[in-house]
Amino acid sequence: MSALTLRFPNNLQVTAEHFQYVLSGTNGDALRNTLVFSGVAAAFSAVFALFAGWLVQRGRWPGRGALDLLLILPAAIPGIFFGLGYLVAFNQKWLDFVDRGWLIIIAFVFWNIPVGYQAAVAGLRQIDRSIDEAATSLGASSLRGFRDVILPMLGGSLRVGFVTTFVRAVTTLSLVIFLFTPPTTVATIRIYQLVGDLNWGAATAYTVSDIGMAIIALLIFALLARGRISLGAARA
Amino acid sequence: MPETAHVRVSHVTKRFGGVTAVNDVSFEVPKGSFATLLGPSGCGKTTTLRMIAGFYDPDLGDIEIAGHRVNNLPVHRRGTAMVFQDYALFPHMTVRDNVAYGLKVAHVSGADRTKRVDETLAFVGLGGLGDRWPNQLSGGQQQRVAVARALVIQPQVLLLDEPLSNLDAKLREQLRVEMRILQRRLGMTFVYVTHDQEEALSLSDWIAVMNAGKVEQAGAPWEIYYHPRTAFLADFVGAVNLVPAKVTDLADGTATVSFGRHRAEVRRPEATLNTGQDVQLCVRPESFTIAPEGAATSGISLPGTIVRRAFLGDTMRYWVKVDDREWIVDQPDPGGSATLDGPVSLSLRPDRVHVIAE
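Heads up: the protein sequence lines correspond to chains A and B, in order. Take this note's numbering: the last position of the first sequence gets the number 236, and nothing is skipped along the way. Take this note's numbering: the last position of the second sequence gets the number 358, and nothing is skipped along the way.
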């Protein structure tokens with residue numbers, strides 16, 4: 001309501017002014033940044049977490065327990081500490097080459113790894129070890145077996161990792177609040193700033209757009225999941 | 001070193017934590033033979049097979065395939081292929097893609113690959129099913145796909161881990177026959193693991209019976225069946241009468257044993273025997289001739305009384321009380337003779353009695 005009216009609740013004249021503001025010029029960059037950072041981070045996080053899950057679940061090397069803990073640990077850290085930690089760690093001259101946009105992406109990736117990792121481990125538990133063994137016994141290296149056999153079978157886990165990371169990244173404020181710079185502002189930051197300026201109309205327009213992205217991602221996920229179910233039914 | 005030893009396992013030991021799963025096991029499998037590791041669950045047979053495949057590393061000892069030590073070779077470079085108990089087909093690939101997988105990994109090109117896949121599918125009797133998905137096939141068909149998938153890459157050695165255990169009895173028997181024909185036709189070395197003694201006896205050229213991480217006895221199926229070295233073996237590979245006896249006299253090639261009120265001169269086993277030693281006599285149920293009381297007997301004659309019987313189709317099984325001991329006696333082709341009851345006389349040829357020294 002607030003996003004579509006001139007001055008809610010005093011002036012209820014319907015307007016697109018706030019959305020125009022949100023999408024105009026540098027203001028639109030914030031939404032684009034949100035989409036790009038979250039999308040890239042979700043893709044990296046999902047793939048990396050899946051690979052890590054495979055290494056820990058299927059590997060036979062020492063130190064697996066330690067890596068398992070390391071991969072779960074970020075879930076216990078509040079976003080704001082996570083962001084602060086990255087700020088301190090990367091606020092050094094020799095690390096200046098790291099683009100601030102990438103820094104946010106890296107923070108997103110590692111902050112969300114536990115989600116994708118858990119999904120991967122749960123998915124792997126459902127795939128009997130003899131499936132991997134069959135691949136290697138037919139002449140595939142274990143990495144090749146992972147690519148040809150495990151990865152396609154873990155499509156569900158991969159999507160869960162991607163969507164959850166994406167939604168969490170789109171909606172986080174605490175993680176990015178110490179990491180953003182003017183060119184790498186994201187939607188949640190703008191909302192925070194606009195609320196501070198008492199510009200409710202623009203703030204709510206941003207919120208609607210931001211949440212819209214999350215909802216669209218979830219819808220696509222739901223459609224893919226349904227497509228998979230009907231594919232399975234066609235096979236049975 | 002004889003060229004014929006295709007798989008050689010020398011003094012192999014494997015421990016899991018504090019448990020010794022395989023304890024100083026050695027054996028050789030000749031090229032082109034059907035070798036079976038037989039034993040109860042937990043005896044170390046699957047662990048041994050998995051060490052040959054490379055899924056486990058032995059803690060001690062060596063494994064050789066075709067004269068090369070393979071201890072340090074990873075699974076995919078050993079030239080072996082494995083067939084699993086639960087088939088382990090790739091569910092996201094069609095039957096054809098499953099079978100083609102090993103060739104694809106080995107960079108076999110398109111036309112050749114298609115030809116070999118089709119040939120192998122036809123070979124295992126799955127001609128028109130290449131485009132199905134694994135979950136559209138029955139258990140027996142799935143296992144045939146798994147066998148085809150392993151055979152198509154022409155491994156040096158095919159390893160089979162209880163491939164028939166998940167199938168029903170009828171199908172199991174059918175696939176058992178097919179498996180044997182297949183192996184004969186290909187002349188490929190098979191190493192087969194099972195807990196089913198019947199399967200082992202009917203399939204194998206050579207059997208190693210394992211118990212508690214050790215090979216108890218290895219040899220031809222009939223060798224193990226009729227001349228088991230221990231009571232465990234005798235009991236594990238089928239119905240048996242194990243009768244305590246005492247050695248009373250020893251001569252060249254023969255031993256005189258007494259059991260109950262009876263006495264018999266039987267073949268002397270390879271194991272060392274002393275006069276006065278306690279032994280067990282191992283007699284298979286089908287080694288007897290059973291007849292109504294008063295009929296003429298030959299060899300060792302044992303009068304007794306039938307306690308109970310069971311009709312098994314191809315045989316009638318009697319439990320006959322002789323003195324104070326029950327003997328299991330099988331009568332072949334029960335349809336051809338009247339069902340017996342009450343007092344009977346058993347005769348047993350002395351050469352069918354095997355002495356187990358323990």
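If you're looking for bench data, these hints aren't it; they were derived computationally from the structure. The model shown is predicted, which means the values in this text are computed figures rather than measured ones. Check before you lean on any hint, since a few could be wrong.
[To be verified] Beta-carbon label-pair distances, calculated as ranges:
no.	chain 1	residue 1	chain 2	residue 2	range
1	A	Arg100	B	Gln156	56 to 62 Å
2	B	Ala111	A	Ser24	32 to 38 Å
3	B	Ala111	A	Val36	27 to 33 Å
4	B	Asn72	A	Leu55	19 to 25 Å
5	A	Gly155	B	Ala239	50 to 56 Å
Beta carbons are placed, not taken as given, at the ideal position from N, Cα and C, and that holds for glycine.
query: When the hints from earlier in the document are held up against this structure, which numbers fail?
result: Hints 2, 3 are the ones this structure does not satisfy, whereas the remaining hints hold.
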